[in-house]
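K.L.:
Going down the list, the protein sequences come from chains A and B. Quick note: the first sequence uses the numbering used here, first residue 1, plus one each step. Quick note: the second sequence uses the numbering used here, first residue 1, plus one each step.
Keep in mind the hints are simulated off the structure, nothing from the lab. Ideal placement from N, C-alpha and C gives every residue a C-beta, glycine not left out. Accuracy of the hints is not assured; some may be wrong.
[Unchecked claim] Partner residues aside, some chain A positions facing chain B, computed with beta carbon under 8 Å:
| hint | residue |
| --- | --- |
| 1 | L117 |
| 2 | I256 |
| 3 | G406 |
[Claimed, not checked] Label pairs and their in silico Cβ distance ranges:
| hint | chain 1 | residue 1 | chain 2 | residue 2 | range |
| --- | --- | --- | --- | --- | --- |
| 4 | B | M108 | A | R113 | 20 to 26 Å |
| 5 | B | A47 | A | E13 | 42 to 48 Å |
| 6 | B | V178 | A | R110 | 39 to 45 Å |
| 7 | B | E184 | A | D326 | 53 to 59 Å |
| 8 | B | K92 | A | N115 | 18 to 24 Å |
| 9 | B | R68 | A | E364 | 55 to 61 Å |
| 10 | B | G181 | A | L250 | 36 to 42 Å |
| 11 | A | G424 | B | R311 | 55 to 61 Å |
| 12 | A | E13 | B | R311 | 19 to 25 Å |
| 13 | B | R61 | A | E118 | 43 to 49 Å |
| 14 | A | R72 | B | P14 | 42 to 48 Å |
There are 2 protein chains.
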Amino acid sequence: MSAIADRPEATLEPMMLYMGRRAREAAAGLALASTETKNAALNAMAARIEADAGKILEANRQDVEAARAKGRDAAFIDRLALDGARVAAMAKGLRDIASLADPVGEVMARWRRPNGLEISRVRVPIGVIGIIYESRPNVTADAAGLCLKSGNAAILRSGSESFLTSLVIANSLSEAVVSSGLPEAAIQLVPTVDRSAVGFMLGGLGGAVDVIVPRGGKDLVGRVQAEARLPVFAHLEGVCHVYVHEAADLDMAKQIVLNAKMRRTGICGAAETLLVDRKAAPTHLAPLVEMLIEAGCEVRGDPDAQHANSRVKPASEEDWPKEYLDAIIAVKSVDGLDEAVEHIARYGSQHTDAIVTEDRAAAEAFLARVDSAIVLHNASTQFADGGEFGMGAEIGIATGRFHARGPVGVEQLTIYKYVVRGEGQTRP
Amino acid sequence: MSAIADRPEATLEPMMLYMGRRAREAAAGLALASTETKNAALNAMAARIEADAGKILEANRQDVEAARAKGRDAAFIDRLALDGARVAAMAKGLRDIASLADPVGEVMARWRRPNGLEISRVRVPIGVIGIIYESRPNVTADAAGLCLKSGNAAILRSGSESFLTSLVIANSLSEAVVSSGLPEAAIQLVPTVDRSAVGFMLGGLGGAVDVIVPRGGKDLVGRVQAEARLPVFAHLEGVCHVYVHEAADLDMAKQIVLNAKMRRTGICGAAETLLVDRKAAPTHLAPLVEMLIEAGCEVRGDPDAQHANSRVKPASEEDWPKEYLDAIIAVKSVDGLDEAVEHIARYGSQHTDAIVTEDRAAAEAFLARVDSAIVLHNASTQFADGGEFGMGAEIGIATGRFHARGPVGVEQLTIYKYVVRGEGQTRP
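All chains should be built: construct the whole structure from the sequences, respecting the hints.
P.N.:
So, in structure tokens, the structure goes:
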């Protein structure tokens, strides 16, 4: 690989375009593959990952060593490092994907016209998915599996620091794909760490790539969203709110707020802002803030929150749109549902927002008016997850306003075509 | 308007961004508007168009005069010119849209999780639609009506030659919208003929526009597809095929081919290439070619077609991917379904393609393997139309692989969000 990696960019573009053409050809075959063939391939991929665990762990050892030598921090190393259990989890993930329903071929709607034409809207794969990810080598297997199940060819661009691991994983997957009779180019890893490969992918490889999925931090997603010349499945950040309405049950509010903020602070569905209705503040604000502080959460609040507890730090304007991804929360009291909805529209990220209330009408108003991919009533924002939605694995969560919002699973990796069956009809 | 049109571009960008912000605000209101309110607005728009017919026709007279003075051809003038009947058709179109089912709020799917969470996927408007069109002033009313029904704000960019007409129509529509209690900025016409306004729209107006719909010729659509930094609903061209399979009924094939090519030659669903299976050629090729020539169609054929009829002109490699939009057809004999499918994949535009055959298995293979937005068995390609699909009006036909393919009606102008109802669930 180093031979390719060392060549100047002039040779990279034709190679990337060639990968794109091969992916497009593979997509044509994958689109027609039977569910049985795809599932057999996914199970073969899982078995191959298990059989190649030694090679994968050895490559990963080198990646981890290089990352340590570069001074990468513990969180980075944790995302990068594999062990036997993590390799086994990758294989299990592929088998779980095999067990999902196949979305391809599903007749989404069917109707007959007065002239006798029968029109069906049938799910088909999108085509070619480009996945650009950072130092989580397991994305190689997860993304490849979801793309294959949904009949899409995948072009994978691994982060440079997990490159060796990803390369070994991708080779194992490819061998299993070929042995299952599916096109080898169903899964291709960009065989270079040259960063300009990302630029070519964002340009669409001459129309060969249909959608880009970035998996990684805000810098990566922001770059992809800014530069991509094709659709992107992504969320830049998850500035999720819990709004405790005046008619909220305090115990339920405490449980939901604690879970939404503290269950895991580093995921995109973690709550970043707590809005407490001013009418509920006298009874609810102090206990909620106290609970959060006792749980080890830093609270940055408006004057009302500061009055409720002397350990609350003053919030500034920068706190309201902030995605902490940490044990920190911004707390604000609001004058009723209108101000809550406006605050979320102004500072939120259209990801996931929740209301806690016993008032059904208020809940329905919130659910209708908050324009986010996921809105919840009396449930934790941390349910923002394809697995929790029952969709099986997800390739990410999207906050765009096109094609798919919320968790992107195998169904969201499809589009449709119209199949029209006639008996000789012509148009008058 | 000329005062704005004459200002330098420096003042255009802030104006365009302001239009974008107003559209986004209007979209928030439109998304929550009831079906009754939207339908009342659509009917009011229709009534207002009728009441303002005199003003509209006077503005159109000026547009037509200016276009004639510029030496525009008869086809151009025909697209541009309105008369009483065409104004009435615009009003009827708006009432027809009022009578369509409202897609917004539809629960597309609903399921309950083992933990009791009830998850619904609910249709919501996309948000803000930018429509860029050429000299067909009726697009102003059609596009505005479809966007309003689907709860989207519309930013309309009229071609410069229909600008005066479009302006009067847009003003009439806006007055009706306001009188119905909906936001004035639900429908905005870019109030200048400055072409750089298009560039700003293609940039998305600071994230305010969610999707662009170009309506017009190939130059316009090509520019929009090449330059847009956001999703586009469009088809660049319709290189539609009719494949007459070896098991085709000759009479049916003749009717379908004649209709697909000659009913209207200038629409995107018109057939441009006839593929005749070599096994059917001895019986079918000569009659099909003869029929087309007798109907006034120029036939450009491969050697087999030339042998079948001396009036067939030789086809060159440029004919296969050609969208004639005229009474011309390319004819080729192919060795079976495989070659037909490969020809369509290589030269087609993924718009609409048909097979004529009595062999059901061959038909199903064609329908599965041809990767076009619309595939038909034993029916004319000219059915590629939202009205013919029973979708009511359409804003265009899309051949992309994202969000919507085929006719784009009110349903395709929506996206969804997830509404999750709980009773205090937290994530373990």
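K.L.:
Run every hint past the structure and note whether it holds.
P.N.:
Outcome of the hint check:
1. L117: Holds. Min distance 6 Å.
2. I256: 6 Å, holds
3. G406: 5 Å, holds
4. M108/B x R113/A: 20 to 26 Å: 23 Å, holds
5. A47/B x E13/A: 42 to 48 Å: Once the Cβ atoms are compared, 58 Å apart, the range 42 to 48 Å for E13/A and A47/B is violated.
6. V178/B x R110/A: 39 to 45 Å: 41 Å, holds
7. E184/B x D326/A: 53 to 59 Å: 43 Å, violated
8. K92/B x N115/A: 18 to 24 Å: Check passed, 22 Å falls within 18 to 24 Å.
9. R68/B x E364/A: 55 to 61 Å: 57 Å, holds
10. G181/B x L250/A: 36 to 42 Å: 39 Å, holds
11. G424/A x R311/B: 55 to 61 Å: Check failed, 27 Å falls outside 55 to 61 Å.
12. E13/A x R311/B: 19 to 25 Å: The hint (19 to 25 Å, Cβ to Cβ) is violated, given that E13/A and R311/B are roughly 47 Å apart.
13. R61/B x E118/A: 43 to 49 Å: 46 Å, holds
14. R72/A x P14/B: 42 to 48 Å: Hint holds: Cβ distance 44 Å, inside 42 to 48 Å.
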